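Protein chains in written order, with the numbering used here: chain W, 1 to 373; chain Y, 1 to 427.
No lab work stands behind these hints, which were simulated from the structure alone. Among the hints, a few may not be true.
Over 10 Å on every C-beta distance to chain Y, these chain W residues come out as not near it, computed from the model [unchecked claim]: (1) Gly82; (2) Pro151; (3) Gln211.
Listed next, the in silico DSS-like pairs over lysine-lysine satisfying Cα-Cα at most 25 Å (straight line) [stated by the list, open to error]: (4) W:Lys129 x W:Lys198; (5) W:Lys121 x Y:Lys240; (6) Y:Lys389 x Y:Lys240; (7) Y:Lys240 x W:Lys44; (8) Y:Lys91 x Y:Lys240; (9) Y:Lys332 x Y:Lys93.
This one's a predicted model, so the numbers in the text were calculated from it and none came from an experiment. Beta carbons: idealized from backbone N, C-alpha and C, even for Gly.
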Amino acid sequence: MFWRLLERSVAHGRGRWAVALLALLVIAALCSALGNVYLDVSRKLTREFRAYGANIVIAGTGVAGGQTLLEDSALAAVPEDGNRIIARAPFLYVVAGVGTARVIVAGTWLDRMSGLSPWWKVVPPGGIKSRDDLRQCLIGEAVAHQWNLAPGQAIELRHRGRTARLTVAGIITAGGSEDSQIFVNLPVAQGLADLPGKIGLIQVSASGTPQQLEGLVAGLRHRLPDADVKPVRQVAVAEGQLLHRIRWMLAATTLAILVVVTLCVAATMTGMAFERRYDIGVMKALGAGEGTVVRLFMVEAASMALAGGLAGYGLGLVLAAWLGRQVFHTGFEARWIVFPFVLAVSLLVALVGTIFPVRLLQRMHPAAILRGE
Amino acid sequence: MFLRIISESVWRNPRRKLVMLAALALGVMVATATLNVLFSAGDRLAREFRSFGANVLVVPQDDTLALEIPTGRDFRPVEEGAYLRVADLPKLKTIFWRNNILGFAPILSLPVEARGERLVAVGTWFEETLLLADGTTMRTGVRRTNPWWDARGDWPVDGAPECLLGISLARRWGVQPGESLEVGAPGGPDGVGAVWKVTGILSTGGGEDEQIIAPLAQVERLAPAHRGEARQVLVSALVKPEDDFARRDPRSMNAVDYDRWYCTPYVSSIAHQIEEALPGSEARPIRRVAESEGVILTRVRMLMLLITAAALVAAALTVSSTTASMMLERQKEIGLMKALGAANRDAARLLVVEMAVVALAGGAIGYGGGILLAQAIGRSVFGAAVEPKMVLFPLVLGIAVAVAVAGSLLPVARALRTEPAAVLRGE
């Protein structure tokens, strides 16, 4: 009997069911999409902040010829795993002579520059692809301007009797000190300075929240007890502050949206339940017990909530994935914890929105309801 | 007659109207709040990004190559290269985008000798009070352009014989805040030296860790030939992220485009205006700061935009479904009206107008609530209230009415198509 009533209720109120289902679908989809986006946005943003380049620097301790030195074996302690450590490269600086003037020559891994310094504009684009290229160099804009150098031309660097002849592969516009430097691969600089196996510092670009970065720095200090591992405060501090601010903004907005839309859907459900007061009046007049009426409505509401919640969760995942692709060009990772949350919200909204008016109505006298009060 | 029916109908069955009003108000509240946050979030965030520091570097046009390495050593002799005049700096607040110039600091770096080591002393402003052309004053210095500088101890007072010591130097020499430091200028006239009190230890992870940072006036004394001069000037400006239009070469633009570029606070146009104001200068965007800000800010704005759009669609759908569900129950009224001889159009118009009236009322309430909600969000995130954009009011109200009416159209149309008798029977 109970199930027959339920079936008839669905068959008769198709329009009503469709509307309620739509409302629940919307709230579930929104919960699902926003929940997934918010939980994953931290990971996405910390990756975006790598646009600022190196946030950890590893230097030597002690003084030696104006530049503290490290063994290049220290690099083995900093593996590039693409997940936490996005890019890293060694640097060795030499003050070389070009003609009668002097210029800073930076020896590094030229193939890592696009990861470590993404803001560089290199003309012609492409730069130097291999760290074993000992013939070519990249020169800063100011260097090119000073000596009227263009890509393809040759340049000769001298330091304490040693020379290196290189071809200009590209001109860097960095808007910083790099514009006044010449970049070569590490072996060239080590040769010029006669410092084989030595480097000046290691720049590391690592992705993560401030706590994760602190852990990374601590780990590196442990692995390299003779080195000075320090965060680049300009990047690390500002990134931490901004990350916190952006996440809070998203959280506040998401929460506000979800709370208000939930209330809106609850209002809809309440209104719809009130509209069915004649049904309740008739049922009671026919002798239905208190429990029966409430149970009927509860099962209706719960089944609507489940159907809408499931469909909405799926729709929300699609929406979150689309959002992720549009903004960050990568998908969003679905967090399983969102699923029970979405179902819980749908059930809560449907049940609270239905039970409250139903209980109110079924306490009234059936005759009064049927009269239209 | 029509108005009388409407007014009577609106007040009948208040419970149902109240529920509809609540749903409509809440829907409009979401729309208003998210739109307000969206419009102001961009500006607020741009200001937050200034914690990455200066985004424009100003150097003399005729300068020679810089010879400094990131570990703090500077190999360029003082006599080499060109200099900028510090007295020209107040002109930075006379450019077109003067209100976007948040701070600037002159840098005069000098090779010095201290504790038997050759290193660099950097002279600059910490929080200098500057008198501007229009009579107002401005406080500016490295505390604006390098906000991440963290001094353990106290900051030096501008002009006083005090300094900050880089943490690597402090560790090596075992110097604590409060101690004195003797600094000599090699290559300068004999006997030129200074004694500075170390007020704080500076730790940045950059070249400053191996340098001494002192007030500009103090460093000038060590190189009297360059009094009133600076090697470079750091500028922190509020900018708009670059788009394809901004990346075009201004020299290749026609007059209209050039005006548009000049009047938009791109980092390139502000740099151009700085060059116009400071004679003999070349201003370049510090790409590391400017480009990255542009990339990230654009992404975050797009995320906010899409979230707002999703919220708007959700609000519209829930409002529509509310009005649809309300209208479903009123199909009998349409049947009754038709049975009494009303034309299709009149019956529909009555209900729709009633719906519109309720929507307007709900929309107005929702707008007010939305503004309050946006203020609450703004205050909790940015510590400052969000300015309500009044232009949104008619827009939001119009959309609310449109959405509410759209929701009710389907049930109304269905009722009109069916025979009155069938509708009254309840099919």
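task = Could you grab the alpha-carbon distance between Lys121 (chain W) and Lys240 (chain Y) and see if it respects the 25 Å cut-off?
result = Roughly 20 Å between the alpha carbons, so the hint for Lys121 (chain W) and Lys240 (chain Y) holds.
inquiry  = Run the distance test for Lys129 (chain W) versus Lys198 (chain W): straight-line Cα separation, threshold 25 Å.
reply    = holds, 22 Å
Outside-interface status for Gly82 (chain W) - nearest CB in chain Y farther than 10 Å = holds, 19 Å
task = Verify the proposed pairing of Lys389 (chain Y) with Lys240 (chain Y), using a straight-line Cα cut of 25 Å.
result = This hinted pair holds, its Cα atoms lying about 20 Å apart.
request  = Examine each Cβ of chain Y, and state whether all of them lie more than 10 Å from the Cβ of Pro151 (chain W).
outcome  = holds, 19 Å
key: Pairwise hint evaluation, Lys44 (chain W) against Lys240 (chain Y), where the allowed Cα distance is 25 Å at most   = Distance of about 23 Å is within 25 Å: holds.
key: Satisfaction of hint between Lys93 (chain Y) and Lys332 (chain Y), Cα-Cα up to 25 Å   = Status violated; Cα separation ~71 Å.
ask   = Does the alpha-carbon distance linking Lys91 (chain Y) and Lys240 (chain Y) stay inside the 25 Å limit?
value = holds, 22 Å
ask   = Beyond 10 Å from every Cβ of chain Y: is that where the Cβ of Gln211 (chain W) lies?
value = holds, 18 Å
Taken one by one, the earlier hints fail for this structure only at number 9.
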